[in-house]
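K.L.:
The primary structure of each chain is shown beneath.
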Amino acid sequence: MNRNEVKNCLLCNAPLNSQMDWKRLFFNRFPKVICQECENQFEWCLHEQDEEVVSLYYYNEAMQDYLHRYKFMHDVLLSKVFREEIYYNLKNRKEMIVPIPMHPEKLKERTFSHVDELLKEARIPYVHLLEKITTETQGGKTREERMNTPQIFKLKKTVQVEGKEILLVDDIYTTGTTIRHAKRVLIEGGAKSVKAFTLIKSGFYK
Amino acid sequence: MKRKVQLTKARQYKGIIVEPEIREFFIGKVWSRENTPFSKEKIDRYIENNYFKVKPAISEKHSFFPFFNKKYICNRCSNDIQQEFVEFECARCRKICVYCRHCINMGRMSSCTDLLVWNGPSEKFPKHHILDWNGMFTELQQKASKELLDSIIQQRNHLLHAVCGAGKTEILFPAVFHCLQEGLRICIATPRTDVVLELFPRFQKVFPNTVIHAYYGNAPKQKGTAQLVIATTHQLYRFEEAFDMVIVDEADAFPYTYDISLQKAVWKSKKKGAPVALVTATPSVQILSKVKKDGWGYSFIPKRYHGHSLPVPRFESLWFYERQINKGRIPKKLALWTKSRIEQGEPFFIFFPTIHLMQKTAPLFQQIHPDILSVHAKDPERKEKVMKLRNEEIPGLLTTTILERGVTISNVQVAVVGAESKIFTSSALIQISGRVGRNVNFPGGEIVFFHHGISVEMDAARNEILRLNKEGFQ
Ligand SMILES: [Zn+2]
Ligand SMILES: [Zn+2]
Ligand SMILES: [Zn+2]
Numbered sequence: 000m001n002r003n004e005v006k007n008c009l010l011c012n013a014p015l016n017s018q019m020d021w022k023r024l025f026f027n028r029f030p031k032v033i034c035q036e037c038e039n040q041f042e043w044c045l046h047e048q049d050e051e052v053v054s055l056y057y058y059n060e061a062m063q064d065y066l067h068r069y070k071f072m073h074d075v076l077l078s079k080v081f082r083e084e085i086y087y088n089l090k091n092r093k094e095m096i097v098p099i100p101m102h103p104e105k106l107k108e109r110t111f112s113h114v115d116e117l118l119k120e121a122r123i124p125y126v127h128l129l130e131k132i133t134t135e136t137q138g139g140k141t142r143e144e145r146m147n148t149p150q151i152f153k154l155k156k157t158v159q160v161e162g163k164e165i166l167l168v169d170d171i172y173t174t175g176t177t178i179r180h181a182k183r184v185l186i187e188g189g190a191k192s193v194k195a196f197t198l199i200k201s202g203f204y205k
Numbered sequence: 000m001k002r003k004v005q006l007t008k009a010r011q012y013k014g015i016i017v018e019p020e021i022r023e024f025f026i027g028k029v030w031s032r033e034n035t036p037f038s039k040e041k042i043d044r045y046i047e048n049n050y051f052k053v054k055p056a057i058s059e060k061h062s063f064f065p066f067f068n069k070k071y072i073c074n075r076c077s078n079d080i081q082q083e084f085v086e087f088e089c090a091r092c093r094k095i096c097v098y099c100r101h102c103i104n105m106g107r108m109s110s111c112t113d114l115l116v117w118n119g120p121s122e123k124f125p126k127h128h129i130l131d132w133n134g135m136f137t138e139l140q141q142k143a144s145k146e147l148l149d150s151i152i153q154q155r156n157h158l159l160h161a162v163c164g165a166g167k168t169e170i171l172f173p174a175v176f177h178c179l180q181e182g183l184r185i186c187i188a189t190p191r192t193d194v195v196l197e198l199f200p201r202f203q204k205v206f207p208n209t210v211i212h213a214y215y216g217n218a219p220k221q222k223g224t225a226q227l228v229i230a231t232t233h234q235l236y237r238f239e240e241a242f243d244m245v246i247v248d249e250a251d252a253f254p255y256t257y258d259i260s261l262q263k264a265v266w267k268s269k270k271k272g273a274p275v276a277l278v279t280a281t282p283s284v285q286i287l288s289k290v291k292k293d294g295w296g297y298s299f300i301p302k303r304y305h306g307h308s309l310p311v312p313r314f315e316s317l318w319f320y321e322r323q324i325n326k327g328r329i330p331k332k333l334a335l336w337t338k339s340r341i342e343q344g345e346p347f348f349i350f351f352p353t354i355h356l357m358q359k360t361a362p363l364f365q366q367i368h369p370d371i372l373s374v375h376a377k378d379p380e381r382k383e384k385v386m387k388l389r390n391e392e393i394p395g396l397l398t399t400t401i402l403e404r405g406v407t408i409s410n411v412q413v414a415v416v417g418a419e420s421k422i423f424t425s426s427a428l429i430q431i432s433g434r435v436g437r438n439v440n441f442p443g444g445e446i447v448f449f450h451h452g453i454s455v456e457m458d459a460a461r462n463e464i465l466r467l468n469k470e471g472f473q
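Protein chains in written order, with numbering that gives the first Met the number 0: chain A, 0 to 205; chain B, 0 to 473.
What the hints contain is simulated information worked out from the structure, not anything from laboratory work. It is possible that part of the hints are untrue.
Here are the simulated BS3-like pairs of lysine-lysine, each with C-alpha atoms no more than 30 Å apart in a straight line [stated by the list, open to error]:
1) Lys387/B to Lys359/B
2) Lys119/A to Lys70/B
3) Lys6/A to Lys267/B
4) Lys60/B to Lys107/A
5) Lys39/B to Lys107/A
6) Lys123/B to Lys70/A
7) Lys292/B to Lys271/B
8) Lys155/A to Lys182/A
9) Lys70/A to Lys289/B
10) Lys271/B to Lys123/B
11) Lys194/A to Lys182/A
12) Lys60/B to Lys94/B
13) Lys94/B to Lys70/A
14) Lys107/A to Lys70/B
15) Lys6/A to Lys359/B
16) Lys332/B to Lys6/A
17) Lys163/A to Lys90/A
18) Lys292/B to Lys6/A
19) Lys292/B to Lys70/A
20) Lys94/B to Lys119/A
21) Lys156/A to Lys220/B
22) Lys105/A to Lys123/B
23) Lys54/B to Lys107/A
24) Lys54/B to Lys70/A
25) Lys153/A to Lys60/B
26) Lys220/B to Lys70/A
27) Lys271/B to Lys105/A
28) Lys60/B to Lys6/A
29) Lys70/B to Lys6/A
30) Lys107/A to Lys153/A
31) Lys270/B to Lys289/B
Per the computed footprint, the stretches of chain A lying under chain B, defined by three or more beta-carbons under 8 Å from a beta-carbon of chain B, are [claimed, not checked]:
32) 107 to 113
33) 158 to 171
Even glycine gets a Cβ: it sits at the ideal position worked out from N, Cα and C.
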């Protein structure tokens with residue numbers, strides 16, 4: 000995506016250590032794109048997972064800043080930041096990887112699908128099974144409003160979900176409304192199981 | 000057929016009545032087509048009627064020799080560093096689109112977004128202005144001020160090389176006044192918001208019936224079209240062929256020579272042939288050679304307005320300071336220095352090379368005195384903390400290089416920890432030293448470079464200060 004390899008931290012612009020990292024080269028890992036100091040700002044939340052929803056990080060200040068720059072300031076390049084972590088968490092999943100889609104109008108406005116880009120950068124293959132039918136976002140709503148939202152997704156035409164095991168992927172998990180809606184549509188369509196993976200978990204963070 | 004279309008367009012150009020609001024907003028600016036305070040329909044109508052030039056935010060240049068390659072240029076910030084361009088599959092234009100990361104903080108612009116440049120009638124500025132200032136110039140200030148004015152009249156670029164505390168703002172008044180009376184539009188640009196905030200009220204006071212605007216990140220909206228603009232150099236990205244004179248004041252700010260695309264922004268913001276005046280305490284070798292080669296005007300003030308010499312930095316070794324701090328100890332010399340400032344009731348700054356080191360040390364300093372605070376670039380309470388020091392509510396401040404310029408506190412004493420660190424270039428160290436002794440009542444003061452081995456830059460800074468003092472007292 001970037002025309003040249005990344006030489007400075009994508010978040011703070013500090014020069015990255017360009018020493019030959021043999022381990023990285025040997026295991027064909029992703030080259031680093033952020034510095035150690037920026038990396039340390041993010042907070043893992045892997046210790047409190049449940050079976051159904053796996054999230055990688057808390058929505059702390061650094062993560063809020065990241066998401067703002069990536070999703071709202073449209074800095075597509077930042078899709079690289081968590082590619083290694085996403086790769087290692089998803090590469091052995093047996094389910095079909097299904098990103099939460101954006102409404103086509105919203106997509107045109109943002110110019111890129113932030114969830115798809117995260118997966119692309121992590122080299123995780125995915126398929127779209129859902130279509131978003133409302134243009135409203137969940138962000139500006141109260142908890143109650145979110146809970147009572149009517150349908151937000153429908154199954155894409157011509158897709159087959161019967162008997163499939165599915166892993167939904169989204170950027171952030173807040174109240175779970177989005178995931179719940181998507182899951183309902185897929186289960187009603189005959190899916191065998193639906194679990195979820197998100198980069199960020201919000202709401203439980205103090 | 001084509002001809003006919005153009006003719007109707009020309010007729011419409013005369014037909015439409017330009018709303019002053021639109022003209023005021025767009026004159027001399029480059030602005031994103033999608034993000035204006037006016038409706039899309041209205042903007043489209045003005046475009047149709049030729050009131051705007053429309054160009055894509057990113058241009059491509061192809062060269063076939065020596066290799067076939069593509070080069071991108073950002074039409075907003077003039078950036079052409081290729082690493083700062085990002086290609087992506089765009090869902091809007093359904094092509095490979097490119098955006099510039101250099102100016103992304105002002106809202107992302109990509110190949111499929113348009114920039115608007117005002118193409119309609121230009122503004123007429125008033126020629127009647129008042130200069131309400133009755134201060135006195137020193138002989139050197141008088142001379143420099145006249146030299147600058149001469150350069151501006153001849154439309155020649157000018158370098159005003161003035162030591163920190165030479166009273167350079169006043170030196171600008173006559174030249175600015177002259178331009179205002181000619182009905183010209185002027186911009187004073189500085190890399191730092193703090194400096195904009197300091198200059199703005201001063202100019203408002205001195206030029207009471209001139210429309211002056213201050214532009215910086217998140218500045219409040221201001222009415223009308225300003226004849227005098229005081230802006231951070233970043234805000235210059237938004238202007239194109241707007242000014243009849245640009246003064247770049249880096250004397251109390253981060254080196255403007257640091258960022259090439261900012262220099263380009265200065266050149267883009269002024270009209271063709273309009274002069275640029277550069278004010279600095281530490282001109283780079285490149286600037287000095289440009290001044291010679293291109294025949295710029297040049298003024299030099301090696302002396303502070305109060306006539307006292309610049310405080311000369313003292314070097315003190317602070318071996319393995321980092322290791323000591325990591326172990327939770329303040330190096331002894333540094334602790335003693337701090338305690339003696341507090342005992343003598345002198346306000347102080349202690350500069351650190353990194354936020355990290357500063358934050359590690361802060362609680363240790365608070366054991367010496369609980370009110371010692373620390374500030375850094377992203378600190379939302381920066382202004383308040385400096386204010387507290389000024390009001391003598393706190394004994395001293397720990398800081399990163401962010402406060403190196405632009406902050407004047409009477410009788411302040413300064414220490415630099417880790418002066419040998421890379422971030423402390425000689426010009427940064429000269430500027431830091433320039434914080435000390437600015438007030439006529441306290442022209443002396445302490446400036447100490449605590450170090451783990453003397454660097455070439457430290458040495459160069461000290462020699463330059465000694466040289467300036469010598470020149471100033473010949
Ligand atoms: Zn970083
Ligand atoms: Zn740009
Ligand atoms: Zn596009």
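K.L.:
If a hint holds in the structure, say so; if it does not, say that too.
P.N.:
Verification of the hints:
no.	hint	result
1	Lys387/B to Lys359/B	22 Å, holds
2	Lys119/A to Lys70/B	26 Å, holds
3	Lys6/A to Lys267/B	29 Å, holds
4	Lys60/B to Lys107/A	27 Å, holds
5	Lys39/B to Lys107/A	17 Å, holds
6	Lys123/B to Lys70/A	43 Å, violated
7	Lys292/B to Lys271/B	20 Å, holds
8	Lys155/A to Lys182/A	14 Å, holds
9	Lys70/A to Lys289/B	44 Å, violated
10	Lys271/B to Lys123/B	18 Å, holds
11	Lys194/A to Lys182/A	8 Å, holds
12	Lys60/B to Lys94/B	18 Å, holds
13	Lys94/B to Lys70/A	20 Å, holds
14	Lys107/A to Lys70/B	26 Å, holds
15	Lys6/A to Lys359/B	28 Å, holds
16	Lys332/B to Lys6/A	39 Å, violated
17	Lys163/A to Lys90/A	18 Å, holds
18	Lys292/B to Lys6/A	36 Å, violated
19	Lys292/B to Lys70/A	48 Å, violated
20	Lys94/B to Lys119/A	17 Å, holds
21	Lys156/A to Lys220/B	49 Å, violated
22	Lys105/A to Lys123/B	43 Å, violated
23	Lys54/B to Lys107/A	21 Å, holds
24	Lys54/B to Lys70/A	26 Å, holds
25	Lys153/A to Lys60/B	45 Å, violated
26	Lys220/B to Lys70/A	27 Å, holds
27	Lys271/B to Lys105/A	42 Å, violated
28	Lys60/B to Lys6/A	24 Å, holds
29	Lys70/B to Lys6/A	19 Å, holds
30	Lys107/A to Lys153/A	19 Å, holds
31	Lys270/B to Lys289/B	20 Å, holds
32	107 to 113	holds (count 6)
33	158 to 171	violated (count 0)
In this structure, the earlier hints numbered 6, 9, 16, 18, 19, 21, 22, 25, 27, 33 are contradicted, and the remaining ones agree with it.
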